[in-house]
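> Sequence:
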Amino acid sequence: MTNRNLKIIIIGIIVVILLLFVFLAIHNSNPGLSIKAKQLSEEPSSFLELTPDELNTYPYIQKAISSPGEEIKVPIKDQEAINRVENFGSLLEDNNTHFIKVNDKYYTLYVGWAT
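Numbers 697 to 811, taken from the numbering used here, label the letters of the sequence shown in order.
Calculated from the structure, these hints are not laboratory results.
Keep in mind that the hints are not guaranteed to be accurate.
[Stated by the list, open to error] Calculated cross-link-like contacts (lysine to any residue; reagent style SDA-like; alpha-carbon spacing at most 20 Å):
id, residue 1, residue 2
1, LYS773, LEU729
2, LYS801, LEU788
3, LYS734, GLU776
4, LYS732, ILE778
5, LYS759, LYS769
6, LYS801, LEU729
7, LYS734, GLY808
8, LYS759, PRO748
9, LYS732, TRP809
10, LYS797, GLY728
11, LYS732, LEU715
12, LYS801, GLN775
13, LYS759, SER741
14, LYS769, LYS703
15, LYS732, THR698
16, LYS759, LEU736
17, LYS734, LYS703
18, LYS734, LEU744
19, LYS734, LYS773
20, LYS769, GLY808
21, LYS759, ALA810
22, LYS732, ASP800
23, LYS769, THR753
24, LYS797, ASN752
25, LYS734, LEU715
26, LYS773, SER730
27, LYS732, GLY785
28, LYS759, GLY728
29, LYS797, TRP809
30, LYS732, LEU716
31, LYS773, TYR754
32, LYS769, LEU751
33, LYS732, TYR802
34, LYS732, LYS703
35, LYS703, LEU736
36, LYS801, SER762
37, LYS734, GLU789
38, LYS732, GLY708
39, LYS759, TRP809
40, LYS732, LYS759
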């Protein structure tokens with residue numbers, strides 16, 4: 697293998713690594729949790745009732761309920777907010793429901809990792 701071919705191969709490998717790095721940086725530019733609330737038209741058989749004051753403890757859940765259908769992102773860097781969302785999920789599990797009631801309206805929440 698000549699010196700010129702070796703340089704071309706090394707440059708090619710560097711370009712591939714840089715392209716991979718850029719792709720991963722773009723793809724993971726906004727990791728974190730994603731929350732979406734859906735308002736229900738009927739009362740579910742079981743639900744967790746929250747007052748507006750109790751809902752203030754969970755600001756990202758409150759944002760999702762304030763704008764049903766809109767995806768709300770919780771930044772991964774905001775660990776306190778991530779913990780609050782996880783605690784809220786535990787609260788729902790402890791009450792054996794996936795539905796909440798706030799101000800005589802019923803909602804279901806979808807929580808997942810944002811892409």
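> Each hint should be assessed against the structure and marked as holding or not.
Hint check results:
no.: 1; hint: LYS773 / LEU729; verdict: 10 Å, holds
no.: 2; hint: LYS801 / LEU788; verdict: 17 Å, holds
no.: 3; hint: LYS734 / GLU776; verdict: 24 Å, violated
no.: 4; hint: LYS732 / ILE778; verdict: 15 Å, holds
no.: 5; hint: LYS759 / LYS769; verdict: 10 Å, holds
no.: 6; hint: LYS801 / LEU729; verdict: 24 Å, violated
no.: 7; hint: LYS734 / GLY808; verdict: 14 Å, holds
no.: 8; hint: LYS759 / PRO748; verdict: 12 Å, holds
no.: 9; hint: LYS732 / TRP809; verdict: 12 Å, holds
no.: 10; hint: LYS797 / GLY728; verdict: 26 Å, violated
no.: 11; hint: LYS732 / LEU715; verdict: 33 Å, violated
no.: 12; hint: LYS801 / GLN775; verdict: 29 Å, violated
no.: 13; hint: LYS759 / SER741; verdict: 25 Å, violated
no.: 14; hint: LYS769 / LYS703; verdict: 45 Å, violated
no.: 15; hint: LYS732 / THR698; verdict: 58 Å, violated
no.: 16; hint: LYS759 / LEU736; verdict: 17 Å, holds
no.: 17; hint: LYS734 / LYS703; verdict: 57 Å, violated
no.: 18; hint: LYS734 / LEU744; verdict: 15 Å, holds
no.: 19; hint: LYS734 / LYS773; verdict: 26 Å, violated
no.: 20; hint: LYS769 / GLY808; verdict: 10 Å, holds
no.: 21; hint: LYS759 / ALA810; verdict: 16 Å, holds
no.: 22; hint: LYS732 / ASP800; verdict: 19 Å, holds
no.: 23; hint: LYS769 / THR753; verdict: 17 Å, holds
no.: 24; hint: LYS797 / ASN752; verdict: 14 Å, holds
no.: 25; hint: LYS734 / LEU715; verdict: 39 Å, violated
no.: 26; hint: LYS773 / SER730; verdict: 14 Å, holds
no.: 27; hint: LYS732 / GLY785; verdict: 13 Å, holds
no.: 28; hint: LYS759 / GLY728; verdict: 16 Å, holds
no.: 29; hint: LYS797 / TRP809; verdict: 24 Å, violated
no.: 30; hint: LYS732 / LEU716; verdict: 31 Å, violated
no.: 31; hint: LYS773 / TYR754; verdict: 16 Å, holds
no.: 32; hint: LYS769 / LEU751; verdict: 17 Å, holds
no.: 33; hint: LYS732 / TYR802; verdict: 14 Å, holds
no.: 34; hint: LYS732 / LYS703; verdict: 51 Å, violated
no.: 35; hint: LYS703 / LEU736; verdict: 63 Å, violated
no.: 36; hint: LYS801 / SER762; verdict: 11 Å, holds
no.: 37; hint: LYS734 / GLU789; verdict: 18 Å, holds
no.: 38; hint: LYS732 / GLY708; verdict: 43 Å, violated
no.: 39; hint: LYS759 / TRP809; verdict: 17 Å, holds
no.: 40; hint: LYS732 / LYS759; verdict: 9 Å, holds
Violated hints, listed in ascending order, are 3, 6, 10, 11, 12, 13, 14, 15, 17, 19, 25, 29, 30, 34, 35, 38; each of the other numbered hints is respected by the structure.
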